[in-house]
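*Asks:* Sequence:
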Amino acid sequence: MTTVPDLQKINVKFGIDAPADADWDALLNIFSRWRLEEGEEILDLADYSHVPEAPSIILVSKRWQLGVDFSRGTGEDRAGGWAGLLYASRKGLEGDLGARLRSVLVSALEKFQRLAGEKEFPRGVTILYGELDIAFNDRLLVPNNDEMDALVRPTAEEVLAALYGDEGYSVEREDDPGRRLAYCARAAGPVLEPAAALSRLG
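Residues 1 to 202 in the numbering used here are what the sequence shown lists, from first letter to last.
Note that these hints are calculated values from the structure, not bench results. Please note: incorrect hints may appear among the correct ones.
Unchecked claim - List of simulated lysine-lysine pairs, DSS-like, C-alpha gap at most 27 Å:
#, residue 1, residue 2
1, K62, K111
2, K9, K111
3, K119, K91
4, K9, K62
5, K91, K62
Take the sequences, apply the hints, and build the full model.
*Replies:* If you want it as structure tokens, here you go:
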């Protein structure tokens, strides 16, 4: 019987609403300060803003990556490049799959809430907490097939229900088997503010 593997590389990405002239270089200033803080094991600050439809400005830790991302998302309406804030775990997750998903979402919400509160955060940019992609960033351990979907989806939906409410969201799986196993989630009703969402996930 197939079991859920020891997943460490889990990506969560919340959509953003941003003006065409958003000053993403401001993130370089914010992340330059953050990388000097102790305890987060920061390795690098990367600027790929010249590459279209890709991760753009990314702060890299031994345990996670964080930044603005313009890669394609999950679902037809996110296929041509989808702007969002990305949090990608790299190692250090513990517990069962549900605990790991909750841990990644909590870390993402905490960091995005802090980022949006920075005075240099780009003006006019709104984080859309009701628009979410979850991707399992290891196609060898977690292939995008029906068997793995049957193992992973129930836990993913349980965590999404905690975030958005039992019937407060829709979910769609990535339909390309050559891509990562990923889910697009959309909140159906009013979206909790990060602080309230953290309380529900905690």
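*Asks:* So, for every hint listed, does it hold in this structure?
*Replies:* Hint check results:
1. K62 to K111: OK: K62 and K111 at ~16 Å, within 27 Å.
2. K9 to K111: It holds: about 17 Å lies between the C-alpha atoms, which stays within 27 Å.
3. K119 to K91: At roughly 30 Å apart (the allowed maximum being 27 Å), K91 and K119 break the hint.
4. K9 to K62: Holds, at about 12 Å.
5. K91 to K62: Cα-Cα ~8 Å, so holds.
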